[in-house]
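Number of protein chains: 2
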Amino acid sequence: MHDARSSDPDKLGWMKGFPPAKAQRIMVSDASAYRFPQLRWSFSHYQELFPTRPIDRGNGPHHPLNLSLRDDLDAVCFKPIGASEPMRWDDSLSKNFTDGIVVLHRGHRIYERYFGALGERQHHLCASVTKSFVGTLAAWLVHDGQLDPHEPVIRWIPELAKSGFGQATIEQVLHMTTAIRYDETYADPEADIWKHLKAGGVFPRSADDQGPGCFTDYLQTVVQSGTHGEQFAYRTPNTDVLGWILKRASDQTLSEMMAERIWQPMGAERDAALQIDSIGFEFAGGGLLAVLRDLARFGEMMRLEGQLGNRQVIPKAVIRAIRQGGDQKKFAPAGYTTLPGWSYGSMWWHAHDDHDVYTARGVHGQAIYIDPKAEMVIARFASHPVAANAQIDPHSLPAYRALADHLIRES
Amino acid sequence: MHDARSSDPDKLGWMKGFPPAKAQRIMVSDASAYRFPQLRWSFSHYQELFPTRPIDRGNGPHHPLNLSLRDDLDAVCFKPIGASEPMRWDDSLSKNFTDGIVVLHRGHRIYERYFGALGERQHHLCASVTKSFVGTLAAWLVHDGQLDPHEPVIRWIPELAKSGFGQATIEQVLHMTTAIRYDETYADPEADIWKHLKAGGVFPRSADDQGPGCFTDYLQTVVQSGTHGEQFAYRTPNTDVLGWILKRASDQTLSEMMAERIWQPMGAERDAALQIDSIGFEFAGGGLLAVLRDLARFGEMMRLEGQLGNRQVIPKAVIRAIRQGGDQKKFAPAGYTTLPGWSYGSMWWHAHDDHDVYTARGVHGQAIYIDPKAEMVIARFASHPVAANAQIDPHSLPAYRALADHLIRES
Chain A
1 MHDARSSDPD
11 KLGWMKGFPP
21 AKAQRIMVSD
31 ASAYRFPQLR
41 WSFSHYQELF
51 PTRPIDRGNG
61 PHHPLNLSLR
71 DDLDAVCFKP
81 IGASEPMRWD
91 DSLSKNFTDG
101 IVVLHRGHRI
111 YERYFGALGE
121 RQHHLCASVT
131 KSFVGTLAAW
141 LVHDGQLDPH
151 EPVIRWIPEL
161 AKSGFGQATI
171 EQVLHMTTAI
181 RYDETYADPE
191 ADIWKHLKAG
201 GVFPRSADDQ
211 GPGCFTDYLQ
221 TVVQSGTHGE
231 QFAYRTPNTD
241 VLGWILKRAS
251 DQTLSEMMAE
261 RIWQPMGAER
271 DAALQIDSIG
281 FEFAGGGLLA
291 VLRDLARFGE
301 MMRLEGQLGN
311 RQVIPKAVIR
321 AIRQGGDQKK
331 FAPAGYTTLP
341 GWSYGSMWWH
351 AHDDHDVYTA
361 RGVHGQAIYI
371 DPKAEMVIAR
381 FASHPVAANA
391 QIDPHSLPAY
401 RALADHLIRE
411 S
Chain F
1001 MHDARSSDPD
1011 KLGWMKGFPP
1021 AKAQRIMVSD
1031 ASAYRFPQLR
1041 WSFSHYQELF
1051 PTRPIDRGNG
1061 PHHPLNLSLR
1071 DDLDAVCFKP
1081 IGASEPMRWD
1091 DSLSKNFTDG
1101 IVVLHRGHRI
1111 YERYFGALGE
1121 RQHHLCASVT
1131 KSFVGTLAAW
1141 LVHDGQLDPH
1151 EPVIRWIPEL
1161 AKSGFGQATI
1171 EQVLHMTTAI
1181 RYDETYADPE
1191 ADIWKHLKAG
1201 GVFPRSADDQ
1211 GPGCFTDYLQ
1221 TVVQSGTHGE
1231 QFAYRTPNTD
1241 VLGWILKRAS
1251 DQTLSEMMAE
1261 RIWQPMGAER
1271 DAALQIDSIG
1281 FEFAGGGLLA
1291 VLRDLARFGE
1301 MMRLEGQLGN
1311 RQVIPKAVIR
1321 AIRQGGDQKK
1331 FAPAGYTTLP
1341 GWSYGSMWWH
1351 AHDDHDVYTA
1361 RGVHGQAIYI
1371 DPKAEMVIAR
1381 FASHPVAANA
1391 QIDPHSLPAY
1401 RALADHLIRE
1411 S
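Taken in order, these protein sequences are the chains called A and F. Going by the working numbering, the letters in the first sequence line up with residues 1 to 411, in that order. Going by the working numbering, the letters in the second sequence line up with residues 1001 to 1411, in that order.
Just so you know, these hints were derived from the structure itself, not from any lab. Take the hints with a grain of salt, since some may be wrong.
Claimed, not checked - Reference listing, derived: stretches of chain A covered by chain F, where coverage requires no fewer than 3 residues with Cβ under 8 Å from a Cβ of chain F:
id, stretch
1, 17-25
2, 90-103
3, 180-191
4, 269-283
Cβ coordinates follow ideal geometry from the N, Cα and C atoms, glycine included.
Generate the whole structure from the sequences, applying the supplied hints.
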């Protein structure tokens, strides 16, 4: 079952039929929606499982991503991290349980594939790719002077005074250098991430669950552990705190900000949506649903320093601030063996390599990968059984780089 | 609290703030979402409360409804049913807790207003207006020969053999002349409608609820009471059965059918959505969410015998079959005092009057009102505190007629 072919949701018949047979039902209440291989269906049908808030694309035309398909990419070879044998690009897609992938070169769609339960008009869960959207909005508000990154979190969220965020600055939250006690090991059912997700309604609660019942209640229970600002530590609550700050500072929901500042001006082709908790609070840490080509559009707009078509969607200075990345010295101790020399800043992952690569990453292999040197953007949705990029990077990062090198050579 | 001004959700501050104050939260789990005045907010934020399946408008341009606002409509007067004093058109809007209203004359928007929690880009719950969409699809499949209305329901749904639908024909379901035991009195907490809505996840279930857990399980519990085909009786399960038949006959979800056959070809301006139960079964009886102007587009397309712009969206013969209406003699005993001489057919309400009016109606005042003689279409969303059109008709039906007469006189 642990390969893409045998876990193909279409072939397994999940949720087919009217109604689906009992053995093929995928539900939230019995947690089947989160189990592999069912999650290969769930991630492409998320709005059917949870309450969501729409992100309005508006009534304008969408920005075209002209199709110039190339047939030379499937055979591009790369060496997976830690492997001795090379692998072909097309084999890497199934290896990583890819649900959809678009490669843009100079803004043209040179490669596009959909697998499993995903179609080109379907939303997919973006998971932590969501964070990079939230970080981009935050960098924008900093640029506009609406947010001062040196101010404390409690300037906007006094409710967090007694929490682990009580002594943190907005900048520390934005670059995830807060020191909080938070275990994000998905494989451990006792990890804090589950308490967090249950509070937000992302994971079902048992009837006798006495834990917090919404994101904002949960965030107030997070405690400090160590000194803020010294090290990078990837902790999803930082993004939920940042989302909270953005709402207070803008007096808008994240959905409204995303719609007005990104989806509408960039010419998205379909409404997106954000998962919300029981009191309408958006899951900034991972709740974005979008179609793949809109992720590609966003990546292309980032690559072009905020411009898409004739439109300056995001000010150039905002993109430049984001692309400064984070502090590599603070990142190194976190021990990401597949990301040597990288950093995390403004909720983006920065390679600091000779291609100036930076990327948005989701825990099941979702990604926006921007390679400015190769003028290449990759948007990918995936539903890898293991929620850990350390499992996914070996067959994706070198594959992306090989594609970039190929494009530079063959253009 | 029982007038539109004092129940205005914006002024009451429901769900404002990040997070909203405890007293201003609206949730499904505590059933506050269904209470008045909270429902004035809920109906305009339904996707934020429930799982839904999107209805894809596609990537094409939307059909324009050109704006030619008239300022002479607010002063149009009519006599409410049972009243001695006349009422102005604009007063009728607040009287009926209108959330949004569009009046089209010859396809132009001559009047458009939004109130309460609704904006022009927001979905509103259509409630039983949904039924008229489902009935239209059914009439279409009959026209195409995919459905034979004289065949029994169990030709498609053998699971219903032992239920009250076991002896019914598709035609009886389509025109709601089945004889089933089903109490649709919303005011009575013991009424069958609540068991139905709890099964579908439309209303929250208590932890010890042993009742059916999805629509299809519920429908199998409905029992017969009387002889099918003799009388009209408005019973929502008929539409859910019809929706089930449509899915089996087309091998598509209702969302797919709505998207391909209506939303895309008519040039809708925004995706719509359908509420679904815990196993993804769509609520055909009342689960459509849409923006108001798309309801107006649909009404205009119906008025023009299936054509909108240069496109024949629905075959003329389908519209003509729908417009034959139902059997007035079978309708009369149901005792709708505000609808003398009317009938129900193909899940539409037919006035059989000198204007050939027919209309889609939702239980809190939602409506698509088509007046072919006056070349007028009205689309309205409302959130009346009382779930009963008998309370709403006195200030809407004569108002619509007065507007129609005014337009005929003044054009």
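Quick rundown of the hints versus the structure:
1. 17-25: Check passed, 4 qualifying residues.
2. 90-103: Our answer is that it is violated, as 0 residues pass the Cβ test (under 8 Å) against chain F, missing three.
3. 180-191: violated (count 0)
4. 269-283: Satisfied; 9 residues make the cut.
The structure is inconsistent with the numbered hints 2, 3, although it conforms to all the rest.
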